Amino acid sequence: MNEDELVNDFTIFKYLPPKDNCILSNLKGYDLQELFALENKYQLELRDSINLDCDNTFGLEIEFEGINTVTTRLLLERYFSELWPVRCDSSLERGAEINSPILVDNKANWQMLKKICNAVLKKANSINTNISFKNAGGHVHIGSQILGSDKKNWFNFFKLWATYENIIYRFSYGEFLNPRPKIFQYAASMAEELKNDYKYFKKPSIPLSEVLFQIGDMKNNAVNFGHVHLISAVKKEGNTIEFRCPNGTLDPVIWQNNVNLFSKLLLYAKSTKFNDEIIDTRYKHNKKNYQIYSYNQIYLEQALELCDMIFDNNLDKIYFLRQYLKSFETTLRIDKLIKCKKFTKK
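Okay, so the sequence shown: first residue is 209 according to the numbering used here, each after it adds one.
Derived from the structure by calculation, the hints contain no laboratory data.
Just so it is clear, the structure is predicted and the values come from calculations on it, not from any experiment.
Careful, some of the hints might be misleading.
Here are the simulated DSSO-like pairs of lysine-lysine, each with C-alpha atoms no more than 27 Å apart in a straight line [unchecked claim]:
1. K236 <-> K410
2. K331 <-> K411
3. K390 <-> K547
4. K249 <-> K227
5. K331 <-> K554
6. K342 <-> K330
7. K331 <-> K547
8. K410 <-> K478
9. K544 <-> K554
10. K342 <-> K331
11. K407 <-> K359
12. K390 <-> K550
13. K315 <-> K222
14. K331 <-> K407
15. K236 <-> K549
16. K330 <-> K550
17. K427 <-> K411
18. K249 <-> K554
19. K554 <-> K222
20. K492 <-> K315
21. K315 <-> K227
22. K342 <-> K478
23. K222 <-> K249
24. K323 <-> K550
25. K227 <-> K550
26. K403 <-> K322
27. K553 <-> K331
28. K359 <-> K427
29. K478 <-> K227
30. K478 <-> K360
31. K323 <-> K492
32. K553 <-> K315
33. K323 <-> K549
34. K427 <-> K407
35. K236 <-> K481
36. K331 <-> K549
37. K322 <-> K481
38. K330 <-> K547
39. K390 <-> K427
40. K410 <-> K359
Between the sequences and the hints, there should be enough to build the whole structure, so can you do that?
What follows is the structure in structure tokens.
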């Protein structure tokens with residue numbers, strides 16, 4: 209019996225009912241220890257929905273190494289038509305990049321993602337090759353209509369990212385404890401840049417389009433705004449905010465969890481519940497250490513704080529913390545990807 213066939217432990221949902229919204233940052237001592245003990249017994253499963261409105265769209269770039277572009281293209285065209293095109297990516301060694309169509313949050317799309325990930329893994333097994341993510345990213349595109357053209361929404365997001373970038377990075381490492389070695393080259397930290405330029409960009413005389421142009425010009429940052437077109441806010445195709453920091457993966461649960469985090473960050477940025485006081489306090493006291501490899505460590509208080517702000521139900525919080533904490537494992541390795549203990553049930 210493999211790990212995915214084992215019966216899951218749902219005890220945590222007796223402690224934290226999924227639809228309730230408990231303030232986890234208030235938990236102390238034994239209560240916090242019990243939460244983590246129960247959470248470590250639960251394997252995240254693919255959900256039918258993450259409760260995104262149908263107007264909120266997203267797209268995925270599934271990169272991996274071990275199977276070349278031609279083989280991958282033939283595989284997908286045979287079983288999945290041409291709706292998920294396969295492209296060559298020069299940054300990959302004998303690899304491929306699968307691009308999703310524009311997606312919305314529904315069961316059919318998540319099941320299709322699962323089938324595609326499983327098909328690639330099955331193909332790798334049939335030709336006796338190992339899939340690698342050494343140079344692979346797991347880029348997530350979110351339709352920029354989620355923020356609209358209100359400058360305040362965008363600046364809320366900039367502040368949120370600059371304040372909690374260390375938490376977001378570790379979460380986005382997925383099934384690994386650290387980033388891919390070339391993350392500096394393809395998904396560089398931007399917290400310091402956003403923090404330094406925040407007051408200048410916020411001047412009323414500088415239009416949002418100019419702000420996005422200047423930030424978006426750095427296309428290898430953790431977040432790429434180069435695809436955003438404010439004048440066509442209703443146009444969904446190609447008009448996206450691209451999150452580039454996630455490691456590559458063929459685990460559909462991690463893909464779904466990444467989409468959920470990035471979407472909920474953006475939704476919170478335009479929410480009337482946006483808590484400037486909490487964020488400003490954290491923002492001012494953050495260390496001036498924006499070294500990505502310090503992000504491998506766990507910042508529990510800060511993670512619980514973010515979790516309580518952007519999620520409105522315990523289920524989202526459990527999924528976020530399970531992927532962020534990774535059974536409290538850490539590593540200082542920077543030369544190769546280090547896998548964490550498995551926390552998903554595909």
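Flag every earlier hint the structure violates by its number, smallest first. Structure breaks hints 1, 2, 14, 20, 22, 26, 31 and 37.
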